[in-house]
Amino acid sequence: MLSDIRVLDLSRWVAGEFATKTFADFGADVIKVEKPGEGSFTRAWGPFPEDRPDPERSALFLHLNTNKRSVVLDLRDDADREVLLALVRRSHAVVESFRPGHLEDLGLGPDVLRAVNPGLVLTRISAFGQTGPYRDREASGLVLQATGGPMNATGQADRAPLRKPGLLEHYTVGRSAAQATMAAVLRARRTGKGATLDVSGQEVLLAGADRRASYLLSAAYSGMTAPRGARSPHRHGATFTGPFRASDGFVMVYVTNQVFWNRFVELVGADDPGFRERYLDRQTVAGQDREEFLAYVADWIAQRPKVEVMEAAEARRIPVTAYLSVSEVMDHEHFRQRGVFVAADHPVAGRLEYAGAPWRMERGFALRTTAPLLDQHGAEIRAELAEEGVA
Amino acid sequence: MTDATDLPLSGIRVVDLTVVWSGPGAAALLGDLGAEVIRVEGNDRMSRQVSARTTKESIAATGYHGGTYPDKDPGARPYDRSAVFNWHARNKLAVSMNLDTPEGHEAFLDLVRISDVLLENNTNGVLEKLGIGHERLLEVNPRLVVARMPPLGMTGPMSGYLGYGPNFNSLVGIAAMDGYEGEEPDSAGENYHMDEAAPAGVAFAVEAALWDRENTGRGGLVEIAQAENVLVEIGEYFLDRQFNDRDPEVLGNTDPHALQDVFATADADRWVAVSVRDDRDWAALNGVLDDDELRALGADAAGRRTHSAAVRQRIGTWCAARPVDAVVAELVAAGVPVAEVMSEPRLLEDPHLAARGWFRERSHPSIGTHRYPGHPWRSDDFELAWGRPVPGFGEDNEYVYLTLLGMPREKYDDLVARGLVTDHQLV
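Chains as they are written, first to last, in my numbering: chain A, 1 to 391; chain B, 1 to 427.
Among these hints, one or two may not hold up.
[As the list claims (entries may be wrong)] Here chain A is said to cover these stretches of chain B; the calculated rule only asks that three of the stretch's residues, wherever they fall, bring their Cβ under 8 Å from a Cβ of chain A: (1) 101-115; (2) 291-305.
[Claimed, not checked] Some, not all, of what chain B presents toward chain A, calculated at C-beta under 7 Å: (3) V20; (4) S22; (5) G153; (6) S170; (7) H193; (8) E223; (9) A273; (10) A326; (11) E330; (12) A333; (13) H352.
It is worth saying that the hints were derived from the structure and are not from the lab.
Virtual Cβ for every residue (Gly too), placed ideally from N, Cα, C.
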């Protein structure tokens with residue numbers, strides 16, 4: 001679908017690599033420009049087989065760089081810079097995530113790149129943006145979540161704020177960078193005009209549909225500060241949500257309105273007329289009454305396996321789901337039937353199943369090639385440029 | 001600086017049938033890009049998740065969502081005043097159209113005929129019941145891009161399961177790795193990450209489909225299984241499982257490569273996040289803390305891993321003795337990654353966001369004047385759209401029916417007289 005788009009990836013970390021993966025997985029020709037010797041940071045991240053570091057067997061790198069090509073260039077070397085500029089000349093977009101100002105220090109700032117290619121989209125990913133008093137502050141994923149995400153409202157009320165797990169914040173920023181880049185590439189197709197994009201990780205997270213943006217507007221409207229708490233402390237009335245322990249794991253319960261409430265009371269109190277009579281059709285449940293209700297529910301769930309609880313609730317159309325582990329997800333009939341994981345061979349890492357299409361469309365996602373070895377395509381790319389007479 | 005035709009999606013019309021969080025968030029991104037986004041809303045349903053009957057009194061009785069209204073007052077038009085809706089409502093138009101009536105159905109298909117994109121995130125089967133599944137829509141308009149967002153996809157044994165973001169996070173493996181360090185995953189509570197992941201994914205997919213349409217002349221279906229979209233964000237753990245036959249640990253605020261945590265400060269319920277990624281960060285931190293015991297404990301990365309808890313405890317003691325602003329100022333000056341865990345009121349007064357003009361003040365007759373959250377990204381070359389903050393319910397009825405659809409005035413007046421088209425929600 002995007003096979004007529006060329007993207008140059010100068011990034012070395014998750015956000016930028018995920019942004020360009022999105023293009024590559026939908027058909028674009030994405031060339032990763034890697035640092036001599038070490039390559040991308042994600043090559044050093046892992047996890048690795050048996051936890052033994054190997055730049056060609058980092059799970060993070062293998063996942064984020066499917067369908068890309070790799071060329072090693074020293075951006076301080078004159079000959080390599082000529083190769084880079086030749087690649088810029090024929091690209092629709094360049095994605096970078098250096099510290100603000102670094103590209104300029106290399107003599108490869110927006111003016112230089114856009115002079116060689118006026119239709120170029122230059123996407124600049126950073127923690128706090130390319131301008132403003134915090135521009136040069138150092139950040140980690142945790143710091144980004146603290147300053148941008150809804151972290152003040154996640155975790156338990158009497159404990160420290162809790163970040164989201166994994167590297168989710170970096171992926172989020174990367175997906176927004178991809179969306180921004182694709183939009184500007186569309187605009188360039190129509191108008192012939194390139195663009196420089198400023199993707200601030202903080203602002204991406206602040207605009208988030210994980211409630212952060214609505215919390216901010218609530219604060220502007222009424223001074224509300226979103227509370228922390230394991231079970232939706234902002235919910236009242238006859239509703240409740242949150243995690244519960246089952247006999248073999250956990251379930252997430254999401255009873256958010258009276259229809260779900262009544263169905264849930266019928267399910268849990270199927271053999272207990274007193275419980276049903278006490279809680280059916282209630283508009284509000286508070287204080288001790290609520291504590292007793294939740295204790296009863298917790299006890300009911302704790303006696304049953306997680307999938308059994310989920311299936312019983314689903315049969316009555318109540319949103320309750322099991323916590324599946326990564327292993328269980330990979331083996332689950334639903335995800336197998338849908339072909340969510342796609343197998344492919346890698347010359348060093350071997351045959352592996354990769355997380356596949358994030359969405360489906362005609363001429364959409366395809367795993368054409370696994371992640372490149374460091375500089376795997378260096379000679380090939382230089383030959384292409386020579387053939388095109390641009391370098 | 002920007003004229004309206006200069007934006008990436010200028011000239012593109014989007015029909016928005018989305019509800020709740022992720023779908024409307026996606027539509028907002030398309031509006032930012034200059035598309036004309038038309039929300040189609042039945043006056044006989046709560047398409048904005050807000051009941052017309054919400055009052056100050058009903059909020060006082062249940063407490064539910066009171067703080068999301070300006071001055072905690074739902075006013076006469078609660079559906080125009082809720083932050084749960086308004087955070088994503090910028091740049092959108094709103095038309096009253098009941099799809100379960102013959103009149104609404106016909107008008108809807110007329111609108112589809114002259115549109116480029118349709119976005120929906122209803123439960124599987126809802127559109128089919130209304131006779132407007134994607135096959136029918138593509139028959140009416142083969143150039144249409146139909147983006148559907150069933151959480152678990154349109155096929156497969158779980159595709160009919162009910163749920164919200166936290167439910168689907170749990171089904172793809174994310175909830176099981178969420179929680180405080182070394183504890184069970186139920187210690188985390190809820191996170192709504194699936195909702196955060198969908199909008200940009202949908203917007204990218206729509207943009208890509210429009211690129212493809214330039215080449216092929218045809219639109220088509222885009223199926224965004226939101227759970228699969230977010231599953232990709234833990235892709236490395238699926239490979240790790242194959243490498244090492246293990247599942248991810250619950251790490252809380254810690255990290256396998258960096259030394260980090262969230263610490264209390266001397267200010268009540270104000271916390272700081274601090275990360276030490278490498279030896280350089282470590283030296284910078286020690287320049288500030290000047291604690292010989294700390295230096296000895298964490299002289300290298302291996303030491304910092306072995307003594308992580310003790311090292312963090314000493315950093316925590318230092319943070320706890322200082323106001324949050326002092327902690328941040330000293331560590332920032334040294335170049336250590338640090339930030340306060342920002343509450344909403346603190347962000348509203350943050351000087352960096354102010355310098356970047358991130359919040360924008362906007363006015364609407366139903367709501368008054370307030371500051372609104374900004375765009376997720378920006379360009380030096382064009383300004384993303386910033387129209388009115390909210391479409392009042394039915395505010396664009398005349399524009400859509402009379403101007404866009406070319407409906408004769410008497411027919412429109414008849415729909416209004418029969419209560420089929422209104423500027424207020426009935427339920």
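Unmet hints by their number, sorted upward, for this structure: Violated: hints 1, 2, 3, 10, 11, 12.
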